[in-house]
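With chain A held as given, fit chains B and C onto it using these hints.
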Amino acid sequence: MGFRLTPQDTSFFTLFTAQAQLLVDATSELTRFLEVDPSKRQAVADRLKELEHAADDATHELINRVNSSFITPFDREDIHALAASLDDCMDLIEETGDLIVLYRVGDIPEGLAEQFEILARMAEVTAEAMPRLRSLKDLKSYWIEINRLENQADTLHRKQVAALFTNSPDPVELIKVKAIVDGFEDAADAFEKVAHVVEGIAVKES
Amino acid sequence: MGFRLTPQDTSFFTLFTAQAQLLVDATSELTRFLEVDPSKRQAVADRLKELEHAADDATHELINRVNSSFITPFDREDIHALAASLDDCMDLIEETGDLIVLYRVGDIPEGLAEQFEILARMAEVTAEAMPRLRSLKDLKSYWIEINRLENQADTLHRKQVAALFTNSPDPVELIKVKAIVDGFEDAADAFEKVAHVVEGIAVKES
Amino acid sequence: MGFRLTPQDTSFFTLFTAQAQLLVDATSELTRFLEVDPSKRQAVADRLKELEHAADDATHELINRVNSSFITPFDREDIHALAASLDDCMDLIEETGDLIVLYRVGDIPEGLAEQFEILARMAEVTAEAMPRLRSLKDLKSYWIEINRLENQADTLHRKQVAALFTNSPDPVELIKVKAIVDGFEDAADAFEKVAHVVEGIAVKES
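Line order of the protein sequences matches chains A, B and C. The UniProt record's numbering puts the last residue of the first sequence at 206; the count rises by one with no breaks. The UniProt record's numbering puts the last residue of the second sequence at 206; the count rises by one with no breaks. The UniProt record's numbering puts the last residue of the third sequence at 206; the count rises by one with no breaks.
Hint data in this document are derived by calculation from the structure and do not stem from the laboratory. Incorrect hints may appear among the rest.
Identical chains blur together in the list; that is why a pair holds if it fits in one copy or across any two.
Unchecked claim - Derived lysine-lysine pairs resembling DSS-like cross-links, with alpha carbons at most 25 Å apart:
hint, residue 1, residue 2
1, K204, K193
2, K204, K140
3, K159, K49
4, K159, K40
5, K40, K178
6, K193, K40
7, K178, K159
8, K137, K40
9, K40, K140
10, K49, K137
11, K137, K193
12, K193, K49
13, K137, K178
14, K178, K49
15, K178, K140
16, K49, K204
17, K159, K140
18, K204, K159
19, K204, K178
20, K159, K193
21, K204, K40
Note that the structure is a prediction, hence the values are computed from the model and not measured.
Bound conformation, chain A alone (with noise of 0.2 Å):
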């Protein structure tokens, strides 16, 4: 429980753009995979499980603070929702990026820099609106350019594995890099998410 706010950031438009901050750390720190030796690597996974761990933390006081509050900005279902959405971001950024470990990946994947490059823009994007929840305005220029970056890594997703196969590879070491370029696009699809739940909500609310 070593993630805690203090007082004066108590709203809960802080709380999300505290999470959404940490998916920027996050998607910062995937980078460093590409620098580091592999022996070092281990580091950097343990660095993502304890900024994961930082993200549970922030998730659990989202939710304990919809139970207390009398007064909640927008629809419990859809703070809850939120939330949940941006924990989902993390949780396939901290899988994915323990598969390159676990898996005792050789060479680092093509088009993975790519892939991470895409990553850290769409945390940026969704950690500079989250604090325009509160007055739900100059969304919309944040889910159109979420969607503009979902299909720049979408196409480059699709490139990556073709790729993989034209190479004809080791059948095995195919099957691994392909899980990790996979799991890189289902963390970029899960960003889309939470733009369509912050997009639900924008057309509730408004």
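Just chains B and C now, kept in the frame of chain A:
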């Protein structure tokens, strides 16, 4: 943004029907993969991409209409959920169709013609049901039929994958073909999710 | 339509408990895959299919009751979502159990006994929690325990897949076994989704 509706075609029900009709077009396009020369498959994938863009436009038209409408036929978030679930069907059809080209699949996988027939039937049944959202009547036969078709798709899919293993093919080819038959099974599941959303709306509004 | 409840057993809470009890039966049936001779595995898969049909009947009984009830204990769409999420658990258990037979798996994959134990525990905890939906009290311990079990399932699953790669088996066998351990991990995730639905209901109704 090539998708435009004529002024008289502007109710929510007509927009949902238009979305579902694009799924009828897309599943009909899929069967062309079975007929054309492998060198012509790119043209089929391109046509699926066009239909997916048209579906995106229809989805955004629906969302914008929700935002600008004072009165909606049912809860705003349900309109949003239904539009999103129809869009998911199209995304999976287009994506999996594209894999046939991207993975340079040699022979068309066994059972693909049957998968396409079931998907085409699911799209038709869905398109026929959409206008009945207006009265919320006679929808039960729709979701029962979709459930039946999904069970049929599921049984077929299990046999397809088991056959892949029994015929002990080249593992890389197996991975490719499994990704394709799995993708079309996901599309069948997505049609069932549309039916669940409709069932949920009927339950709530009845 | 072999599933019938006696007249006194007709509340929503009893129906949810019945659905969850079928999951207890199904996860208990799974362990028989570890005990029987491979030639008897079909009988286990057949029994799972029966339980899945009973669960389908229970789900439809719930949906029909929602439709015909003037007053429901909580929002109609939440009853629908909870019934559907319990049904998803059964579908994944039955489907993955069937793969053991369909894929003609030779040796039972490592760690499967532990996966089954966790799933059985998840089903029991879920069945015990369902009657507490009436008061919406003492449910927190349920979803905390489910979260704990899901984390345990997840850690086990990552080790299982990593072990598959390390022991560099035949790639086709690897794909089969991975599909099975992935399927049971999806079932564990589905139990967590049930807990999320319950948490959402508790948050909303509290």
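Evaluated hints:
no.: 1; hint: K204 to K193; result: both (16 Å within a copy, 21 Å between copies)
no.: 2; hint: K204 to K140; result: within (14 Å within a copy, 27 Å between copies)
no.: 3; hint: K159 to K49; result: between (29 Å within a copy, 16 Å between copies)
no.: 4; hint: K159 to K40; result: between (29 Å within a copy, 20 Å between copies)
no.: 5; hint: K40 to K178; result: within (22 Å within a copy, 27 Å between copies)
no.: 6; hint: K193 to K40; result: neither (32 Å within a copy, 35 Å between copies)
no.: 7; hint: K178 to K159; result: both (12 Å within a copy, 18 Å between copies)
no.: 8; hint: K137 to K40; result: neither (44 Å within a copy, 47 Å between copies)
no.: 9; hint: K40 to K140; result: neither (41 Å within a copy, 39 Å between copies)
no.: 10; hint: K49 to K137; result: neither (34 Å within a copy, 32 Å between copies)
no.: 11; hint: K137 to K193; result: within (19 Å within a copy, 31 Å between copies)
no.: 12; hint: K193 to K49; result: both (22 Å within a copy, 21 Å between copies)
no.: 13; hint: K137 to K178; result: neither (39 Å within a copy, 44 Å between copies)
no.: 14; hint: K178 to K49; result: both (22 Å within a copy, 24 Å between copies)
no.: 15; hint: K178 to K140; result: neither (33 Å within a copy, 38 Å between copies)
no.: 16; hint: K49 to K204; result: neither (35 Å within a copy, 30 Å between copies)
no.: 17; hint: K159 to K140; result: neither (29 Å within a copy, 42 Å between copies)
no.: 18; hint: K204 to K159; result: neither (37 Å within a copy, 43 Å between copies)
no.: 19; hint: K204 to K178; result: neither (38 Å within a copy, 40 Å between copies)
no.: 20; hint: K159 to K193; result: within (23 Å within a copy, 28 Å between copies)
no.: 21; hint: K204 to K40; result: neither (47 Å within a copy, 45 Å between copies)
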